[in-house]
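Make one complex out of these two single chains by using the hints.
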Amino acid sequence: MWAYRLNIPSHWRLLSERYRLAGGYCENCGHKMFPKQKICPKCGSEKIKPVELPRRGKVITYTIVQTPPRGFEYYTPYILAIIELEDGTRVFGQLTDIEPSEIQEGMEVEMTIRKVRVSGESGAIAYAYKFRPLE
Amino acid sequence: MQKPTIAGVGFTKITAHWKQSLKDLASEAAVKALNDAGNPEINAIIVGNMLSGIINGQENLGSLVAESIGLSGVSSVKIEAACASGSAAVMWACLSVLSDLFDSVLVVGVEKMTDVTDNEDVTSALATAADYDYEVFFGATFPSLNAMIMRSYAKTYNLSPEDFGYLPILMHKNAVDVSHAQLRFPIDMDGYLNSPMVSDPLKLFDCAPIGDGAAALVITKKDGAKNSDHLVEIAGFGSATDTLATYRREDLSRLRAAELATTRALSMAGLESKDFDIVQIHDAFSVIGYLNLEALGIVERGKAHEFVASGDAERSGALPVNPEGGLKARGHPVGATGVYQIAELALQLSDRAGPSQIENPNVGVAMNVGGTGSNVFVHILRRVE
Ligand SMILES: [Zn+2]
Chain S
145 MWAYRLNIPS HWRLLSERYR LAGGYCENCG HKMFPKQKIC PKCGSEKIKP
195 VELPRRGKVI TYTIVQTPPR GFEYYTPYIL AIIELEDGTR VFGQLTDIEP
245 SEIQEGMEVE MTIRKVRVSG ESGAIAYAYK FRPLE
Chain R
59 MQKPTIAGVG FTKITAHWKQ SLKDLASEAA VKALNDAGNP EINAIIVGNM
109 LSGIINGQEN LGSLVAESIG LSGVSSVKIE AACASGSAAV MWACLSVLSD
159 LFDSVLVVGV EKMTDVTDNE DVTSALATAA DYDYEVFFGA TFPSLNAMIM
209 RSYAKTYNLS PEDFGYLPIL MHKNAVDVSH AQLRFPIDMD GYLNSPMVSD
259 PLKLFDCAPI GDGAAALVIT KKDGAKNSDH LVEIAGFGSA TDTLATYRRE
309 DLSRLRAAEL ATTRALSMAG LESKDFDIVQ IHDAFSVIGY LNLEALGIVE
359 RGKAHEFVAS GDAERSGALP VNPEGGLKAR GHPVGATGVY QIAELALQLS
409 DRAGPSQIEN PNVGVAMNVG GTGSNVFVHI LRRVE
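Respectively, the protein sequence lines represent chains S and R.
Heads up: the first sequence is residues 145 to 279, going by my numbering.
Heads up: the second sequence is residues 59 to 443, going by my numbering.
With the rest of the complex left out, here is chain R (with noise of 0.2 Å):
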C-alpha cells in the first residue's frame, strides 16, 4: 500500500486578524500549500473548522473555501470534531487517497475566533465540545472541565502547582523566535504562577490563547507527486472517542482516547514509541500537554512535569516537544490547529522549519484532542529519503 504524502504545506501567522476574514485567511494558506506542491489538480477539498456556524454566521464551508481558491466544482466538505477538526481532516484526506478514487486532496483548517459579538462569547463556543445537556447547562465552560482533570492529575501522581509550569514556560521560550507565533515573549515561573485564576487550579497560563489562523497541506500520493524534493509521508494514523462528558468517565487522570489512537497509529506505522524522533503535543491546557506525553508512551504515567523540567523536551533535547511554541505559544485557532501541527512536522522532517529545526528527525507524531479528551487523532510522520 502506497501511503499517503504531504506534498505542500502553507499557513498564515496566528494572531488576532482584524483585517482578515475566515475565508481570507483559508485562500492565504491554500495558495501556500498548492504553490509548495507544485499546483497539482485538487479531486478534493476537506476544509477542518469547529466554530464558523457560531462565530462567524458561515456554514458550508466546503464551498466557501473552493470559490475563494478558484475551485468551485471539486468536491468539498467541512468536518468537525471540537478541537480535533484539523486533524480530523487530514485523517480523512489520508483515507480519501488510499481509497485510490482521489489522487490529490488540499486539506485548510481554519478558525476565525475574534469575530465575536455580544451575542456569542467563545467561552459559551468553545464549550459546545462538551456535553450541553449535562455540563454546559449547569455553567460548564471548557477551562472549568479541564480544570477538575487537572486537580484529579495532580492529587492522583502528588504534583504540585509549579509542576504545571513547566511545559508552559517551555513552549513560550520555543515561540520568541517563531515569525509565524501568537505569544512571542517568554514567561518565567513566578510570572506562571502568578497569572490569573481562570478555574481553579488553572491559570491563565495553563491556557492556549484565543487566535485567528489557517493551515493547509496537500495530500498525494508520493508517486503523482509534482515537487519530490521535499515530500514527508504519513506512515500511520488512528482515531478513537471516549464519552461526551468528563464526568462519565472512571479515571479522569488519563485519557484513554489518546491511548487507542496511539495504539492504532504506531500499528499501522508498524513503530513503536521509541521510534518519535519529534513530538506535537495538544497543549491547549497544561494539564492535558502531560497526558498526551503519557498516552503517547514516551513518559510512565505521572511523570510527564519531570520530563519536560529535565530538559528532554527541549530542542536540543533528547525529544523535543513542540519545537516552535505549541498550542500555547505558537497558538491554537481551534479547529486549524491538527493541521498546523502537521504542517509543523512535515517542515521538521523536510529540514524546513527555520530557526525552530531540530538535528535531522526521522519520525514524527502528532496528537491532537477534541473536547477534554473525547475525540482524539494521531498521525506519525515519516522523513522521505
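The shape of chain S in the complex, shown without the other chains (with noise of 0.2 Å):
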C-alpha cells in the first residue's frame, strides 16, 4: 500500500523537481546537484541556490525492467536511465518513445513531461519528467 499508492502531498512538494528539473547551485564552488540539498556535497558551502537544470543530455547508463514492481505492470518492459544534463548534472528517470532495441549509451535525450505512475483505479495519478530521444 505504502509503494503502491502515492500520497499526494508527497508528490505536490516536489514538483519544482519533477516538472521543472530544479536543482541546486553552490555560489561558493560552482557544483549543480539534483536535487537540491542543504550543504553542497563538493565544497561544504550552506550557499546554494535553486537552479533549473537543462532539459537535454545524454544516456550514461540504462536498464530495461521485466520484473515490475506493483503499480508499474502496464509500462513493462520499461526502460530506466541515469542521464547525464548539459552542464553534467546527473538525474535518474525513464526513457519514452523509444524502443529498447534502439537504446545506446550516449545518446542524447530530452526531457519532457509524462504520466509516470498511477495507484489503481482512483488513485493518484503523477506527472513528471521522462526523457525522449533528441530528432
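Bear in mind the hints are in silico, worked out from the structure with no lab data behind them.
This list has only true hints and no planted wrong ones.
Simulated pairs of lysine to any residue, SDA-like, Cα-Cα distance not exceeding 25 Å:
id, chain 1, residue 1, chain 2, residue 2
1, S, K182, R, D309
2, R, K213, S, P244
3, S, K259, R, D179
4, S, K180, R, Y190
5, R, K213, S, E254
6, S, K176, R, Y190
7, R, K213, S, P221
8, R, K213, S, S245
9, S, K186, R, T301
10, S, K202, R, N216
11, S, K182, R, Y190
Right under this line is the structure:
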C-alpha cells in the first residue's frame, strides 16, 4: 500500500523538481546538484541557490525492467536510465518514445513531461519528467 | 584495548519457513547462540532487520525478541541499514562492548520475507533501500539499479555475459552440501545464461533468492567468555556511506563506501588485504560480489571475474570466497545476512564449519552491502589461539 498508493502531498511538494528539473547551485564552488541539498557535497558550503537544470543530456547507462513493482505492470518492459545533463548534473528517470533495441549509451535525450505512475483505479495520477531521444 | 569476541553462534536454515514466524526464527537462532556461548548474562540485545514494518506489520523488534527468549527487562533495539542491517547490528554490538558499559551483547539478525500479502510485494519492499523520491517513484526496482551498475561495469572493463556467471556457479556448487543453505543444487553456464532477464542485463541467476532466516551471535570480552574453546576475535570493523541514489555517484563501476569501510577495518585490525585467508562477500547480485572483491583489495579493478574463474576462490583455492554458498545459494534473508556472514566466518575460524570448512584459516573478512553500495560494513575476524 505504502509503495503502490501515492501520497499526494509527497508528490505535490516535489513538483518543481518533477516538472522543471529544479536543482541546486553552489555559490561557493559552482557545483550543480539534483536535487538541491542543504550543504554542497563538493565543498561543504551552505550557500546553495535553486537553479533550473538544462533539459538536454545523454544516456550514461540504462536497464530494461522486466520484473516491475506493483503499479508498473502496465508499462513493462520499461527503460530506466541515468542521464547526464548538458551541465554535467546527473538525473535518473524513464526513457520514453523509444524501443529497447534502439538505446545506446551516449545517445542524446531531452526532458519531457509524462504520466509516470497511476495508483489503481481511483488513486492519484502522477506526472513527472521522462526523457526521449533528441530528433 | 581488549577486542570484542564472538563467544556463541546460532542460525536457522534459510528457506520459505511457512510454519515459523519472525519471532520463531529470531528466538531459535538466539537460543542456539546463547547455548553455544554457555548462557552468559546478556546486558543488551541488538536486532538487525530491514523489512519487518513493511512485510510483517511489526516494529519494535527489540522488545519482541527480548520477550521471546525470556529477557524482557534487558535493553534491546532494532538497527536498520537496508541489506546491511545485520552487520550494522554487529558493529554496534562491538561498540557497546568496547564502551565497557556492557559485557555481553546478543545480536540477532532476522528477516521473514515470505509473509507478504497483496498489498506489499517484495520487489517494492526491497526498493525502500533506494531513494524513494528520485528513483523508486519512477519505477526503479532494487534489481534494476544493480542492473545499471552491471552494465556500467561490463562496459568499463569489457566483460561478456559469461564473465558474470562464474560467481553464481561457484556459489551454487559450494551450497550443495551445506544443510542450512537455501539453494542446494548446482547450476552450469548454460543454465546461468538462459535464466530469465529480471532487468536487462541482470538475469535471475545473478540474483540472490528471497528467503526467511535468522542468525545470532553473542559478543563479549574474551576474559568474560564462559565457553573459551571456540572464541573468535573481531579484530577490526569499519563502515561507510555513499549517496543514497545510484545516479548521484560519479563512478558506477566501483563502490566507494566499500573501499572506505575496508580501509577503516584494516586500519583498526592492523592488517592488510593480503592477510585474508577467507572472504565473505555480499553477492546479492553477481556484479556486487565482484565489486566487493575489488573494494577489499583482493583483486585489481575489473579482474574479479578472472580471479573467480581461475579457481582461486574455491574452497580449496588460494583464497576461498563464501565457502557455504554466499547470498546467492546459502541465502539472503536481507536484514539477517550480515549476521550470517559473520557467523559463517566465526565457525570457519574455530574449525566448526562442517562440510564447508576450509583448511586452517587465521583471518577472515566479511563485507555486507546496504542499498546499491550506499551503506557498507566490513568486519575482520581473527582466530583466537
Ligand atoms: Zn560547493
